[in-house]
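Undergrad: Chain by chain, the residues:
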Amino acid sequence: MSQSVTGASGAQPRQRALRLPVPPPLVGFIIRRALRGVIVLFALSLLAFGLVHLLPGSPVDTLAGPYSDAATRARLTTDLGLDKPLPVQYVTWLANTLSGDFGTSVFNGLPVRELIGDRLPNTLQLAVFATLTSIAWGIPAGALSAMKRGRLFDATARATTFVGLAIPVFAFGVALVLLFSIAFPSWPTLGFVPFSQDPAQNLQSMVLPSIALGLPLGSTLCRFMRSSMLEVYEQDFIRTALATGSTHLQATMRHGLRNAAAPVATVAGLQMAGIVGNSILIENVFAIPGIGQLTVTAITQHDVAVAQACILVLGATYVVLNFAVDLLLPLIDPQIGAK
Amino acid sequence: MTHAAPVRVGPEAVPNRQRHWFAAFLRTRREASAGILLLVTLVVLSMTVHLWADYTPSEVAGAPFSPPSAQHLLGTDDLGRDYLVRLMTAGQTSLGIAFFAAALALLVGSAIGIAAGLRGGWLDSWLMAGIDLVLSFPSLLLALSAVTVFNPTKTILVLVLALIAVPQFARVVRAKCLELREREFVLSARVSGVPDPVIAVKHLLPNVLPLMTVQFANTAAIAILIESSLSYLGLGVQPPDPSWGNMIYAAQSYMIECPWLPLGPAGALLLASFAWGLIGEGFSGGSRSLI
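Same order as they appear, the protein sequences are chains R and P.
When the letters of the first sequence are read in order and numbered with my numbering, they come out as residues 3 to 341.
When the letters of the second sequence are read in order and numbered with my numbering, they come out as residues 9 to 299.
The shape of chain R in the complex, shown without the other chains:
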């Protein structure tokens, strides 16, 4: 990145000697997006910090219990730093969090960092598998749907995507479990096996959650791919290809797919970020010990430190993913960076 900055500013003074070096639009775009990400992360930290202070009752009540005397409470207040002004508390908390100290769970006394570290790999595995599932069915189905426009396949695919978008992921997950336990009674529908324990069983237990999470994401991809392909079919180069003797299939494979894929990649990237919210639901349906399940348990048990850390981690993942997508977009579609 720094290379392109110096390269551009080195080239410019020759043409416009009196002006300050202007970074090329792409660098400006990346800087703007990075700044935006930082602002969002700051807001996220304020939200997570604020959760504790918005809650009725102070952490001292929770720790000291109902029968504590004033001296204990005063000591706890000083120990926790609750007597200091809010900005000081915020900075202390932020410094701790950034150094990886998320506090301890009130419920089981374990460090929150450990709780999250144990569960993060499972959530990431689910997210990656679900993304792959959605791409594996959404893109081909969308392309084929456009090729067979108005035929049975098209109608079926469109109906599937409509249902995929209208049904909540958790209800679809429950329906899948039901279907599989009736049709394939030997299939392990619920219950998660860690990859380190038994890779084969782990992969088997991830099949249904990945499908459940991948269907709605794939539905969006399928719809975008279809409309993008239909738009490409209207273009001159396809007509030329057909006029010069290419078959419909050849024209699609050689010229259609690649041109249609660029805008869809944008959507696919944005969809990845959407997994963050939906994985919370799927983890609860399939009893996968991930961050999402931890979040819900923490909120139900009023385990504030854990809830705070979970919201922070999930939110930060979302922001980082969005930023990563922003960085990738100009590579896929050069017009985006140029704007």
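As a list, the in silico SDA-like pairs of lysine to any residue whose alpha-carbon atoms are at most 25 angstroms apart:
#, chain 1, residue 1, chain 2, residue 2
1, P, Lys184, P, Val222
2, R, Lys150, P, Glu39
3, R, Lys86, R, Val108
4, P, Lys162, R, Thr302
5, P, Lys162, R, Leu56
6, R, Lys150, P, Glu289
7, P, Lys162, P, Leu278
8, P, Lys184, P, Ile207
9, P, Lys210, P, Leu186
10, P, Lys162, R, Leu53
11, P, Lys184, P, Leu131
12, P, Lys162, R, Leu49
13, P, Lys162, P, Thr56
14, P, Lys184, R, Ser229
15, P, Lys162, R, Gln303
16, P, Lys184, R, Pro265
17, P, Lys184, P, Asp140
18, R, Lys150, R, Phe164
19, P, Lys162, R, Thr299
20, R, Lys86, P, Val157
21, R, Lys150, R, Ala263
22, R, Lys150, P, Arg38
23, P, Lys162, R, Gly52
24, P, Lys184, P, Asp204
25, P, Lys184, R, Val269
26, R, Lys150, R, Ala267
27, P, Lys162, R, His55
28, P, Lys162, P, Thr49
29, P, Lys162, R, His304
30, P, Lys184, P, Leu141
31, P, Lys210, P, Ala123
32, P, Lys162, R, Val54
33, R, Lys150, R, Ala245
Hints are computed from structural coordinates only; laboratory data are not their basis.
Please arrange chain P on chain R, whose structure you already have, making use of the hints.
TA: What follows is chain P alone, placed relative to chain R:
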């Protein structure tokens, strides 16, 4: 949408359209008509459940886990309560929360959108910066943060769902207003000294209305999904009150033996969000003006 529409001046045009506007609506907006029909059916069935049902939602009406029969069309649940009656009572909650959340988002979001789009300048920049910030968080995460702090009563749920939907609403409306602001009828109103609030109500509002209809339907569809998700996680509508989300959660333990228990609420959810989706799709498709 409006600028290209040819003016029809034939003598028969107006009375013809006046007489058959309903038929014309059904013919040109098939998807929307189907959606409205489906939604109205659901709403009427759930709102009048106390009139046509033989049981109350909390009354033990038969043996627990009875399969669907003529007496209990959708069977009974783990406590022997009539499942159809519970499903329709839950519909009042689920449909109601989504409707009020979408209505609130419509009011607040459109006001912000029109203000930002009409005024422009610093007001626009600040409002949009705030809205982009809210949009940068996953909506379910925002809802979860909110229910961490507040007990999820129905009012809180409506407020939370509305908060999530406001930014999208404001964005859509603002974009349209920015476009309308440059048009001659708004410019001429401005030049002749019409105050901004009057321009907003008399000139902008009628032109944003179709857009608001579409956005309202989409918002309601999403609100139904998020409310049911929260209730499924135990962080939305709380158990003595039935909602489609918490019914699915309760049914999960018995679903192999009694598949009608999860499938009933799941089907209802699908139908409701499908209906709103059809309405949204129906009003957004095509460039024909309404009616």
